[in-house]
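Chains as they are written, first to last, in the numbering used here: chain A, 1 to 508; chain B, 1001 to 1151.
Calculated from the structure, these hints are not laboratory results.
Given the structure is predicted, the values throughout are model-derived calculations rather than measurements.
Here a beta-carbon is modelled for each residue, glycine too, at the ideal position from N, C-alpha and C.
A couple of the hints might just be wrong.
What the hints assert, rightly or not - Straight-line distance between alpha carbons at most 27 Å, and here's what the computed BS3-like set of lysine-lysine pairs gives:
#1 A:Lys430 to B:Lys1077
#2 A:Lys296 to A:Lys285
#3 A:Lys286 to A:Lys296
#4 A:Lys429 to B:Lys1077
To be verified - Residues from chain A that keep clear of chain B, each with C-beta distances beyond 12 Å, as calculated:
#5 Ser12
#6 Val256
#7 Ala493
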Amino acid sequence: MDILSNLVMGFSVALTPFNLFMAMAGVSIGTLIGALPGVGPVSGVALLLPLTFGMDPTSGIIMLAALYAGSMYGGTITSVLINTPGESASVVTCIDGYQMALQGRAGPALGVATIGSFIAGTFGIVLLMVMSPALARWALSFGPPETFALMLLGLTTVTGLTGENAVKGYISMVLGLMLAMVGFDIISGDARYAFGIPEMMDGVDFLPVAIGLFGMGEVLAGAEDANDMRILTGRYGLRDVMLSASDWARSRWAIVRGTVLGFFIGVLPGAGPTIATFLSYSLEKKVSRHPEQFGKGAIEGVAGPESANNAASAGAMVPMLTLGIPGSATTAVMLGGLMMWGLRPGPLLFEKNPQFVWGLIASQYIANVMLLILNIAFIPMFVRALRIPYNILMPLIIIFCITGAYSQKNSVWDVGQMLVFGVAGYAMKKLGYSPAAMTLALVLGPLAERALRQSLILSDAGLGIFFLRPIAAVLTVAALAAAAVPAARALWAAFSGVRPVVVPESDD
Amino acid sequence: MRSADRIAGAALLAAAVAFSVGALKYYTYWGPTGPGSGFLPFWLGIVLAVLAGFLLVSALGSRDAGASWLPQGEGLKRLVVVLAVTTAFVALLQVVGMMLGTVLFLVALLRFLEGYRWVVTLGVAVAMAAVNYLVFTYWLRVPFPVSLLGF
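Produce the complete structure using the sequences and hints provided.
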C-alpha cells in the first residue's frame, strides 16, 4: 500500500509539536477570519504568508491550509447570527441559516454546519489523497501545449463563472497577465515595461499585490461605514448545537450530496467553494420534497452548502498540488507562496517533496478534528470576538498589511506597491472588476507565457498544436467553452426573460 | 456606474494600445528561435483593446446612470481620512520607524477619527506595537526601519 505508507510518513511530519502548533494556530485564526465580515480566506492567507518565510515550507503550508479549512467553518457563524456572510462561501447560508436563528434554532444551524463541514472536509481529504498521486502521474506526460491549455482553462473558468459583468472579469484577467509581463523576460533578458526602475525590473511582486488587493482593498471598502452589527443572542453551548433525530434525518443526504458536488467543483481549476455552495443550494432545493420551506429555515439549505464549501476547499488543493494550477483565489495565493518558498509546483511535487505533500495531507485530517472540537465547544468564544468593533479591527488589519508587505524583502517599495494595489482593489471591487481573476492571472502569467512560447516553437508558429494533441484539444475546447458561458447566459436571459443567478465575486 | 465605465473604457483602450505599441517597438515579436519577448504582450494589448472597446460601447449606449460608486458625505470623508493617514504612515516609515509609527497611526485613527477614549486608544496602540515587535522583530528577525529615537 503506497498511499498507506506515505500517509504514515505524513503523520510523522504533521504530529511534530511545532507542526501541531501551526495547525492549531491555523484553524483558530482561520475560524476567526472566516467569522469576521470583511476579511475572507484570501486576505487571511495573504496576510499570514509573510510569517511563514523563515519556516520550513511544510510548516507554512500546514498553517495556511488549516486556515483555509477553518475559514470555511467560521463563515457560518456570522451568516447564521448576523445575516452577513463572513466570507463569500457562506453567502447562501444566510438565507436559511439566519431564518433558523430567528426561529430560535441557531444551535442546530451551527451544529449541522459543523458536522457537515467535518464530514465533507475529511472525505474531501480522502478523495484528495486518493486522486492526487494518480493525477500527478498523468500530468507528468503533459507537454507545453497541454500545460498552456490547462492554464487557459483555469483563467477562463475563474473569470467566466463569477461576478456580475463578464467583460470586466476578463479585463481584470488581462490586466493581471500584463502585470505578469513586467520585469526580466527569462528567455531574451529584456526588462519589459520596467521604465528603468530597478524594483520593477524584478517584476511585479506577487505578495504586495495580493495583500493590497485582498487585505487593504477590503479594509478600505469597509472603512466607509462605521456600522455596528447586530448579533442575535442565543445559546450555543454544547447541548444546543446537538441535532435532533429529525434534523439529522433531513440533513444527512444533503451533507453527502454537498460533499461529492463540492469536491468536484473544487477540483475544477478556477471554480472554488463559493460556486460550490450556490450549486449545492439549488440542488437541495430541486431534490427536496418540500422546496417551499427553502428560504424559511430549511436545515438542508444550511447542511448542503456548508458541506460543499469544505469539500470544495479540499478539492481546490488538488489542481494546486498536482498540476500547479490553483482551484480558487485562496489556492492561487498559496501557489504564490509555494513559489516563494522555492518549491516548484506541478506534477513533480509529489515525487520531489513527499514530506511536504504528505505532511500537508495528514495535517488536514488533524485540522478537521481540531475544527470539529473548536466549533462545537467554543462557538461562544468566537461570538464574543465578533463583538470587537470593526473600527478598531480595521486599523489593526492595515498595520498587518504594511508589516506583511514590508517583511518579505524588507522593502518600503513593496509597501508602496501594496498601498497602490489596495486602492486599486477598492476601486475594482466597487466598480465590479475581479481582483481574484487578476491575482490568478498574475500567478499563472509567467508559466503560461513560457508554455505558450514553447508550444509555438514546437509547432512552428501554428495554433493547431492546441487542437491536434488529444489532451490539449479537450482542455482547449473546455477553456473556450468556459469563456463562452457568460455570453450564453446573456443570450439565455435575453430570450427567456429570466435573470440568471449571479455568483458573487469570491474571496475564497 | 455609466460614467465610470466610460472613463475606464477609454483609459483602458488607450493603455492597451500603448502596451501593444510598446511591445512591438521595444521588444522582439518574433525572434530567430520563435516567439520573442514582445509576442504575448502585443496580443494581450489587442485583447484588452477589444474588451475595453466593448465596455466603452456598451457604456455609451446605456441610458441607466446607475448608482454612484464612490460613497457620499460621511462615508467619503472616512475613506479619505483612512487613506490619507495610511499614506502618510507609509511615506514617513523610514523616518518615524515601524514601532513609533504604529502607535502614531493608531492614535490618529482611533482617537481622532473614531473618537475612542485615550485609555482605549493607547491600550490598543501599545499592545499592537508590542505584538508587532514580538512577532516580526523578535521572532522573524525582520529589520524594520527605526526612528531617530531608536525604536
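Cross-check of the supplied hints:
1. Taking the CA atoms of Lys430 (chain A) and Lys1077 (chain B), the gap is about 17 Å. The hint holds against a cut of 27 Å.
2. Only pairs whose Cα atoms come within 27 Å are accepted, and Lys296 (chain A) paired with Lys285 (chain A) is accepted, the gap being roughly 12 Å.
3. In summary, the hint linking Lys286 (chain A) to Lys296 (chain A) is supported, as the alpha carbons are separated by about 16 Å, within the 27 Å threshold.
4. Our distance criterion of 27 Å between C-alpha atoms is met by Lys429 (chain A) and Lys1077 (chain B), whose separation comes to about 19 Å.
5. Against chain B, the non-interface label of Ser12 (chain A) holds: every CB pair exceeds 12 Å, the least being about 26 Å.
6. The claim that Val256 (chain A) lies off the interface holds: its Cβ sits roughly 41 Å from the closest Cβ of chain B, which is beyond the 12 Å cut-off.
7. Every beta carbon of chain B lies more than 12 Å from that of Ala493 (chain A), the smallest distance being close to 15 Å; the non-interface claim holds.
Of the hints listed earlier, there is not a single one the structure fails to meet.
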